[in-house]
Amino acid sequence: MIRWSIKSLFAEGIGVVASCFGVAFAFLLVMFFSAIFAGESDRITAYPKQVNADVWVMQKGVANMHMAMSQLWDWKEDRIRLIEGVKSTESILYLNAVINAGGRAWFTYIVGLTGRAEYSGPWAMHSGKRLPNRGEVVIPDVLARLTGLTIGDSMQIVDHTFSIVGLSSGAFSMANSIVFVSYDDLADIMSAQGMVSYVMVRANEGVNAEQLAMRIHNELEKVNALPQKVFIENDHHMAMQMGVEIIVLMTMIGSALALVIVAFTSHAFISRKKRDLAIAKAVGFRSRHIYTSVLIQAMVLTLAGFVLAGLFALLLFPMITVFAPEISLQVTLGSLTEIGITALLVAALAALWPARQVAKVDPLSVFHG
Amino acid sequence: MRRFKNEPARVLFMVISIASVITVVLVLEGFREGIYQQIRNMIFNRGADVIVSQAGVSNMIASRSILPQLSRLAIEEIDGVVNAHPLTTLPIIYNNDDRRTPVFILVYDTLGGPGLIEKGRGIKEAREIVIDKSLSVIYGLEPGDEFIVSDFNFRVAGISKNTAAFFAPFAFATYDDLIDLYFESDIVGDLSTLPLLSFLLVEIKPGYDARKIATAIEKKLPEVDAYLPEIFAQNDVQMSRSMLGAVFQLMIVIAYVICVLVISLIMFSAIQNRKYELAVCKAMGFTLPRLAAGVLLETLLITLIAIPVANVLAYLLAQLIQEVVPVYLVLSSEPGPVIRTLIASLLFALLGALLSLRAVARLDPVMAFRN
Numbered sequence: 001m002i003r004w005s006i007k008s009l010f011a012e013g014i015g016v017v018a019s020c021f022g023v024a025f026a027f028l029l030v031m032f033f034s035a036i037f038a039g040e041s042d043r044i045t046a047y048p049k050q051v052n053a054d055v056w057v058m059q060k061g062v063a064n065m066h067m068a069m070s071q072l073w074d075w076k077e078d079r080i081r082l083i084e085g086v087k088s089t090e091s092i093l094y095l096n097a098v099i100n101a102g103g104r105a106w107f108t109y110i111v112g113l114t115g116r117a118e119y120s121g122p123w124a125m126h127s128g129k130r131l132p133n134r135g136e137v138v139i140p141d142v143l144a145r146l147t148g149l150t151i152g153d154s155m156q157i158v159d160h161t162f163s164i165v166g167l168s169s170g171a172f173s174m175a176n177s178i179v180f181v182s183y184d185d186l187a188d189i190m191s192a193q194g195m196v197s198y199v200m201v202r203a204n205e206g207v208n209a210e211q212l213a214m215r216i217h218n219e220l221e222k223v224n225a226l227p228q229k230v231f232i233e234n235d236h237h238m239a240m241q242m243g244v245e246i247i248v249l250m251t252m253i254g255s256a257l258a259l260v261i262v263a264f265t266s267h268a269f270i271s272r273k274k275r276d277l278a279i280a281k282a283v284g285f286r287s288r289h290i291y292t293s294v295l296i297q298a299m300v301l302t303l304a305g306f307v308l309a310g311l312f313a314l315l316l317f318p319m320i321t322v323f324a325p326e327i328s329l330q331v332t333l334g335s336l337t338e339i340g341i342t343a344l345l346v347a348a349l350a351a352l353w354p355a356r357q358v359a360k361v362d363p364l365s366v367f368h369g
Numbered sequence: 001m002r003r004f005k006n007e008p009a010r011v012l013f014m015v016i017s018i019a020s021v022i023t024v025v026l027v028l029e030g031f032r033e034g035i036y037q038q039i040r041n042m043i044f045n046r047g048a049d050v051i052v053s054q055a056g057v058s059n060m061i062a063s064r065s066i067l068p069q070l071s072r073l074a075i076e077e078i079d080g081v082v083n084a085h086p087l088t089t090l091p092i093i094y095n096n097d098d099r100r101t102p103v104f105i106l107v108y109d110t111l112g113g114p115g116l117i118e119k120g121r122g123i124k125e126a127r128e129i130v131i132d133k134s135l136s137v138i139y140g141l142e143p144g145d146e147f148i149v150s151d152f153n154f155r156v157a158g159i160s161k162n163t164a165a166f167f168a169p170f171a172f173a174t175y176d177d178l179i180d181l182y183f184e185s186d187i188v189g190d191l192s193t194l195p196l197l198s199f200l201l202v203e204i205k206p207g208y209d210a211r212k213i214a215t216a217i218e219k220k221l222p223e224v225d226a227y228l229p230e231i232f233a234q235n236d237v238q239m240s241r242s243m244l245g246a247v248f249q250l251m252i253v254i255a256y257v258i259c260v261l262v263i264s265l266i267m268f269s270a271i272q273n274r275k276y277e278l279a280v281c282k283a284m285g286f287t288l289p290r291l292a293a294g295v296l297l298e299t300l301l302i303t304l305i306a307i308p309v310a311n312v313l314a315y316l317l318a319q320l321i322q323e324v325v326p327v328y329l330v331l332s333s334e335p336g337p338v339i340r341t342l343i344a345s346l347l348f349a350l351l352g353a354l355l356s357l358r359a360v361a362r363l364d365p366v367m368a369f370r371n
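From first to last, the protein sequence lines stand for chains A and B.
Residue numbering for the first sequence is 1 to 369, as defined by our numbering.
Residue numbering for the second sequence is 1 to 371, as defined by our numbering.
Chain A extracted, bound-state conformation (with noise of 0.2 Å):
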């Protein structure tokens, strides 16, 4: 019986493979959906992971990077410099701002480095100076090219003009592309002179981040100090958790859609199969053993369908990133289990339509020609 549905719903050519089609594009547009917030996601602690810092300085009340404001006096980076443990520091200022740029605005983090920045500024370049003087700025490689601009021309940043000196690699992003300019242009952006943002501590060998952080924070007044993990996790967690709700719904959404498709799909089948399950019925099949043909009939169409999903999400996500390089795109394994989990739950329910038909039919009608 298995056997026979499973050989005939494949017989059905087209319509099969238009419905297959359509599962895989509903669970793809779920995973487009995970993959952005897990891409962006990534993105936005990218700077922190490349910085590769043990422990991170900020103000009191601030444990992360994204959407956050800090500031602290520049003497603390000298105190914490003596601090048992201590192999070097760097500092950063940093702000949230829009840039004008190519015609169109983009929101960026500004960072400003100061003349000690080894492992503070860019961490790749694609072409050009990698760390800018006063009136410099080095941009995104990415930026660049959706703008047009290049290196020696001009661009706007608040109220001061800069020229562009280099193009960094790997520090784009749709949410946070990172933007160098030096301390003191920053500094006079922000009005903020003598203030550093964050406070980035390499720990000497065999030191506990841990345990280094826990020294600055005693040590100093108005401070927060985490280890780099922590101060990752931190970032990486709230920008999930601000769409985890949507991707949730999304997920609902899409997958209702490929309930529909896959219900749809089986209905239609078991309409033009009425007289081979009344012939079914009437050899002695059992209604059990119809429902389960109906039902592993609609699983090999919904996985099927989340697996050409699996495949598009393979091929299109890469392709997507090089058209659209302000899209990150990231597929995690969590995500994909979550959607094949669900996709289990869709093929189950989009069954039942079908199986109250399948209990309709009348073994006599095989007789009734």
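By construction, these hints were calculated from the structure, which means they are not laboratory data.
Honestly, I wouldn't trust all of these hints.
[Stated by the list, open to error] Mimicking DSS-like on lysine-lysine, the simulated pairs with C-alpha atoms at most 30 Å apart in a straight line are:
1. B:Lys275 - A:Lys7
2. A:Lys49 - A:Lys229
3. B:Lys275 - A:Lys360
4. B:Lys275 - A:Lys281
5. A:Lys273 - B:Lys275
6. B:Lys124 - B:Lys205
Assemble the complex: chain A is given as a structure, and chain B must be docked to it using the hints.
Same frame as chain A, now just chain B:
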């Protein structure tokens, strides 16, 4: 029409299937429109005729603007200006229950406060705050509850509605409490480096031209920029378009691909069900274009029935989303996107029907005599 009468369940299923896909498109369009509308609301609901910002700052969302304290006085001296109301934006990360949410605190004095308060009341006493509904939903906060920012205890006075934009909710506080927050929370030693005045909401006398007043402000104070609210809103919308335009476009494209596939699946299935009838028609001499016209007409009819159903479904879904995640506004019934979706749906429906026409073309008229 005859099929609708003879097989109502089947036709209903077809209509629901097509309506579901169109619903998804309408909801996605509604999301996009909602994001832009929230941004416009954020600016327009502040009630200013002219908005003054730091020179070079042309956005309110996600921008830091610091104005000199004396600029207020200087602007109020300009002929035609009734008042320049201060407004400060303070971005914070609200942390509670192991969950973090970025919140924009709008600190206001005489203009620019929360508009519609759904629960509780506006700020009347010290240390009170009005929070957006989404914060109330996420953290289960009600009027009277504590709302702690950097160790400073606010008490929730009211829950406001439609006060979120760009994925972040707003909260509203007064200047007295902002100063207390800065001092009591011991955030930083020097108060002058913290945002005290971000924007000025300029109210002008009736009969005066806002454009001319904006020009006069910029002329008198070179360290500031003055914008009409619509220009400010346009700048913020443009910024969000730069960020999200491609994402929404892609999702809508995917939804339309599903639309084409679903319609081709439905029409293919309809053709399969009637293949003997169609074979008879072919045997009787009906030409392929004539049969194809029938299929296309049927598709258009079903899609036309599905569109209003989709509109109702999208509206209900939008209400549900706004209840569950009030930080979003889903405008699924805006005329522009609805008309765009209607036209696109009909076109894609025709495309879907064309894909299924191959099945009609391949029908063998001899089949009519076999069964």
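* Asked: Are the Cα atoms of lysine 49 (chain A) and lysine 229 (chain A) separated by 30 Å or less?
  -> The hint holds at about 9 Å.
* Quickly compare the C-alpha distance for lysine 275 (chain B) and lysine 281 (chain A) to 30 Å and report which way the hint goes. => Judged against 30 Å, a Cα distance of about 25 Å means the pair holds.
* Holds or violated: lysine 124 (chain B) to lysine 205 (chain B), with C-alpha atoms at most 30 Å apart -> It holds: about 28 Å lies between the C-alpha atoms, which stays within 30 Å.
* Asked: Going straight from one Cα to the other, do lysine 275 (chain B) and lysine 7 (chain A) come out at no more than 30 Å?
  -> Given pair lysine 275 (chain B), lysine 7 (chain A) holds - Cα atoms ~20 Å apart, limit 30 Å.
* Measure nothing beyond the straight line between the CA atoms of lysine 273 (chain A) and lysine 275 (chain B); if it is 30 Å or shorter, mark the hint as holding. => holds, 14 Å
* To do: With a cut-off of 30 Å on the C-alpha distance, tell me whether lysine 275 (chain B) and lysine 360 (chain A) pass.
  => holds, 24 Å
In summary, the structure agrees with every hint in the numbered list given earlier.
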